[in-house]
Amino acid sequence: QQPVQSPQAVILREGEDAVINCSSSKALYSVHWYRQKHGEAPVFLMILLKGGEQKGHEKISASFNEKKQQSSLYLTASQLSYSGTYFCGTQGPGGAQKLVFGQGTRLTINP
Amino acid sequence: SAVISQKPSRDICQRGTSLTIQCQVDSQVTMMFWYRQQPGQSLTLIATANQGSEATYESGFVIDKFPISRPNLTFSTLTVSNMSPEDSSIYLCSGWTGPNEQFFGPGTRLTVL
Chain S
1 QQPVQSPQAV
11 ILREGEDAVI
21 NCSSSKALYS
31 VHWYRQKHGE
41 APVFLMILLK
51 GGEQKGHEKI
61 SASFNEKKQQ
71 SSLYLTASQL
81 SYSGTYFCGT
91 QGPGGAQKLV
101 FGQGTRLTIN
111 P
Chain C
1 SAVISQKPSR
11 DICQRGTSLT
21 IQCQVDSQVT
31 MMFWYRQQPG
41 QSLTLIATAN
51 QGSEATYESG
61 FVIDKFPISR
71 PNLTFSTLTV
81 SNMSPEDSSI
91 YLCSGWTGPN
101 EQFFGPGTRL
111 TVL
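Protein chains in written order, with the numbering used here: chain S, 1 to 111; chain C, 1 to 113.
Just so you know, these hints were derived from the structure itself, not from any lab. Glycine included, each C-beta is placed from N, C-alpha and C at the ideal position. One thing to keep in mind: the hints can contain errors.
Said to hold, decoys possible - To spell it out: a stretch of chain C is covered by chain S in this simulated footprint if at least three of its residues, at any positions, have a beta carbon under 8 Å from a beta carbon of chain S; those stretches are: (1) 61-68; (2) 100-112.
To be verified - Heads up, incomplete: computed chain C residues facing chain S, CB under 10 Å, no partners named: (3) Pro8; (4) Ile12; (5) Gln14; (6) Thr17; (7) Ser18; (8) Leu19; (9) Gln41; (10) Thr44; (11) Leu45; (12) Thr48; (13) Gln51; (14) Leu92.
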């Protein structure tokens, strides 16, 4: 079942912070975060594993609440290069190596 | 990480024809997948390409329409058969390089007239 992302879109000024949420109705083994720019492939940002939290980039971090089956992606002091569509991909129990992606959150950073 | 390439990058095809998309990874990967993405939409998994055996298809996708091959650990093909305009989409190949990272190819943009 597809995870739900919120918000669907957000517009920021450079330097502002953003939070993108990802919720699942099913128990999760992991949550993967990707960023996709227009016309390009999704780029892997980080993974949050059950039982742990992993920070992938300096100003981009994420959390994973296993009990609530939710993950949040935090972008601090946003840069113009952060613009794009962010997808969370969820991996179910048992760790079967396939992901179900949320509908995406479009992030626009203005100067 | 891995570098994944796809051919062709884009194509325009006539209704009723078939197109085979190739996916090449620069290193061995444990799993390979095929996704479809409508412009502005999310990624939908079509199937898992299994090396040396039949692909595992997701609900709504069938082998007759999307035959997949994976002859080795670095290469896979997806064929879109008997195409209709509804098949117009971006088709992406991905590889699971392990232990926990999945990388995507640049995609093939297909337009069916």
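Right, here's what the structure says about each hint:
With 0 residues having a beta carbon nearer than 8 Å to a beta carbon of chain S, the segment 61-68 of chain C misses the requirement of three or more and the stated coverage is violated. Note: the segment 100-112 of chain C has 8 residues with beta-carbon separation from chain S under 8 Å; the three-residue rule is met and the coverage holds. A hinted interface residue such as C:Pro8 counts as satisfied when its beta carbon comes closer than 10 Å to some beta carbon of chain S; here the least separation is about 15 Å, so the hint is violated. A hinted interface residue such as C:Ile12 counts as satisfied when its beta carbon comes closer than 10 Å to some beta carbon of chain S; here the least separation is about 17 Å, so the hint is violated.
Checking C:Gln14 against chain S: minimum C-beta separation of about 24 Å lies over 10 Å; hint violated. At about 25 Å, the closest approach between the beta carbon of C:Thr17 and any beta carbon in chain S exceeds 10 Å, and the interface hint on this residue is violated. A cut of 10 Å between beta carbons decides the hint on C:Ser18: the least distance to chain S is about 24 Å, and the hint is violated. A distance limit of 10 Å between C-beta atoms decides the matter here; for C:Leu19 the minimum to chain S is near 19 Å, and the interface restraint is violated.
A distance limit of 10 Å between C-beta atoms decides the matter here; for C:Gln41 the minimum to chain S is near 7 Å, and the interface restraint holds. For C:Thr44, the shortest C-beta to C-beta distance to chain S is roughly 8 Å, which falls under 10 Å, so the interface hint holds. Below 10 Å, beta-carbon pairs count as interface contacts, and C:Leu45 has one with chain S at about 6 Å; its hint therefore holds. With its C-beta approaching chain S no nearer than about 6 Å, C:Thr48 sits inside the 10 Å limit, and its interface hint holds.
Taken as an interface hint, C:Gln51 does not check out: its beta carbon lies about 13 Å from the nearest beta carbon of chain S, beyond 10 Å. The beta carbon of C:Leu92 is positioned within 10 Å of a beta carbon in chain S (closest approach about 7 Å), and the interface hint is therefore held.
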